[in-house]
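Work the whole structure out from these sequences, hints included.
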Amino acid sequence: MKRTGAQILCESLVKEGVEVIFGFPGGAVLSLYDTLPQYPQLRHILVRHEQGAAHAADGYARATGKVGVCMATSGPGATNLVTGIANAYLDSSSVVAITGQVARPFIGKDAFQEVDITGITLPITKYNYLVRDAASLAKVVREAFCLSRTGRPGPVLIDIPRDVQMEQAEFNYPRKVEIPGYKPTLEGHPAQIKKAARLINEAQHPVILAGRGVIISGAYAELKYLAEAAQIPVLTTLLGVSCFPEGHPLSYGMVGMHGMAYANIALHNAGLVIAIGMRFDDRVTGRIDSFAPQARIIHIDIDPAEIGKNVSVDVPIVGDVKLVLKKLNKLIISTERTEWIGQVEDWRKEHPSLEIRDSASLLPQYVISKIYEATKGEATIVTGVGQNQMWAAQHYCYDKPNTLISSGGLGTMGFGLPAAMGAKVGRPDSPVWLIDGDGSFQMTIQELATIVQDNIAVKIAILNNGFLGMVRQWQELFYQKRYVATPISCPDFVKIAEGYCLPGLRVKHRGEVVPAIKQAVEHEGPFLIDFMVEPEENVYPMVPPGATLVEAIEAPKKKVEAISDSAKLPVSNI
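Residues in the sequence shown are numbered from 75 upward in steps of one, following my numbering.
Hints in this document: simulated from the structure, not taken from any laboratory.
What you are looking at is a predicted structure, and each value in this text was computed from that prediction instead of being measured.
Glycine included, every Cβ here is placed at the ideal spot set by N, Cα and C.
Heads up, a few of these hints could be off.
The calculated lysine-lysine pairs, modelled on DSS-like cross-linking and capped at a C-alpha distance of 30 Å, are [claimed, not checked]:
hint	residue 1	residue 2
1	592	582
2	250	89
3	76	89
4	269	250
5	400	213
6	423	474
7	400	250
8	140	383
9	396	269
10	257	423
11	298	474
For each label pair, taking beta carbons as the anchor points, the in silico distance ranges come out as [said to hold, decoys possible]:
hint	residue 1	residue 2	range
12	432	91	25 to 33 Å
13	251	76	17 to 25 Å
14	323	447	17 to 25 Å
15	624	213	48 to 56 Å
16	572	447	47 to 55 Å
17	554	432	25 to 33 Å
18	196	378	14 to 22 Å
Structure (structure tokens):
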């Protein structure tokens, strides 16, 4: 039986297990939208801006491990997806973006709302398609989902001309798909795994540096086994946070520009670095020529292009992290590394990075620590980008797997609200908190309408300091406090929330923090809290540009609260 291209697309999405589409309609996708009611399995969530659709699909993908789907019309609809597609590409997130295109006879004629979206997104997708006929559409969808979810995950774009959506063809969905030249290496070379095991068993000062690849592959148990059997301190990248329980005795937190000072010192002094599912981003390494100068390096990653790209390695292993670690763990000899662990503990005591100083002002770190206490560490935390992101990574204790969702590689302000929306749709029975800054939040604030219309129960904590905080911090430290274009006026967020029929509170004083969070937790739907925090509070530690990891600027020595009042566990309990 013949079906229209729009029907073929919808039936293909159903076969791929798609449950939700984040989108915004327009002329070039009207046939698709007209067809959607025929497929009640496909829930459509109407965003208020196409960028929100891409970020929501990204957040959904990260929260569920499934492919997130977004849809937009041609021209500006398609180009509005670009930032979200780029964000998904740099963070290895499984997203399929579907765009409408002008009818085939008009392609290349500068028709109304025509852009070459496949050309535009070529550098930021794993692959993209311009569908030339309805008969090929089912195969294209099958391939797109296969590409997006396998190997190193990433976004794929499908551009469908308007007349292809209306054209009729036989629907034959391929049971298997073979893509010439695409065969991701999953197993890891046995000889390389043996070399890695030998280095680990012989190492005196090893560290594990774990990234998002651990989360993508679900290698939580395998990583834990390796760390415990070999007694190796575990450090993480920003996107690796929550791949290893932070209350564990071998957890030493995040490294890099705003990582723990003691973690950076341990990494700098390591004799062996076991890099797992990470890509040696510049925010992690600091100055490359001084990165882990004494260390031999084992690098496990599914993407061969990442190995040796930034840092030379001694033992490269290409493969899926979970599969590689399963084989590696069989060769690991149980070892006690009391002296090395003791040294790292000493660095932790000498360079505490999580103390919350005493202040008459409301401090953002204190707010996050109280969110942690109120949620008992059970929430999924989604962040914007900037200081709010780093405080959220530092001061919430992530013991549950895959509970921090944030924009890493692209550092996209405005990611937070739509991504939190997508994460909550993917995890309807789990609490989801957005921690955002007043600048980042305003970039996609219109998605408040979406969460109200669809009753998506995201709890929103705005750390409102009246600045573009991270840029202001750089201006303070490196530009003699010349605050150019960083003071930012904000609307009354509580009134804005009320305008969207969303309950909200403003918190100015420390004593109001816990009752406000409690009210948000107890409210069944979405809830917004505007925390008026110290305007010029800085994120510490901070590795200055061009510096090594051990040249971090640490917090000024001031009176601090007992560390147990922060989210992280006290040193004595680690």
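Cross-check of the supplied hints:
Between residue 592 and residue 582, the direct Cα distance comes to roughly 16 Å. Compliance with the 30 Å bound is thereby established for this hinted pair. For the proposed pair residue 250 and residue 89, the alpha carbon gap of about 13 Å is at most 30 Å, so the pair holds. Proposed proximity of residue 76 and residue 89 is supported: the alpha carbons are some 17 Å apart, at most 30 Å. With a C-alpha separation of about 36 Å, the suggested pairing of residue 269 with residue 250 is violated against the 30 Å cut-off.
This hinted pair does not check out: residue 400 and residue 213 have alpha carbons roughly 34 Å apart, beyond 30 Å. About 25 Å separates the Cα atoms of residue 423 and residue 474, which keeps this hinted pair within 30 Å; it holds. Taken as a hint, the residue 400 and residue 250 pair is honoured in the structure, with Cα atoms around 28 Å apart against an allowance of 30 Å. Straight-line distance between C-alpha atoms of residue 140 and residue 383 comes to about 29 Å, which keeps the hinted pair within the 30 Å bound.
For a cut-off of 30 Å, the pair hint linking residue 396 to residue 269 stands: about 18 Å separates their Cα positions. For a cut-off of 30 Å, the pair hint linking residue 257 to residue 423 is broken: about 47 Å separates their Cα positions. Between the alpha carbons of residue 298 and residue 474 the distance comes to roughly 13 Å, so the proposed pair stays at or under 30 Å and holds. With their beta carbons about 52 Å apart, residue 432 and residue 91 fall outside the hinted range of 25 to 33 Å.
Between residue 251 and residue 76 the Cβ separation comes to about 22 Å, which falls inside the hinted range of 17 to 25 Å. A hinted range of 17 to 25 Å holds for the C-beta pair residue 323 and residue 447, which are about 21 Å apart. The hint said 48 to 56 Å for the Cβ distance between residue 624 and residue 213, and at roughly 53 Å that hint holds. The hinted window of 47 to 55 Å between residue 572 and residue 447 is violated, with their beta carbons roughly 28 Å apart.
Range check, residue 554 to residue 432: Cβ separation about 28 Å, and the 25 to 33 Å hint holds. The beta-carbon spacing between residue 196 and residue 378, approximately 20 Å, falls within the hinted interval of 14 to 22 Å.
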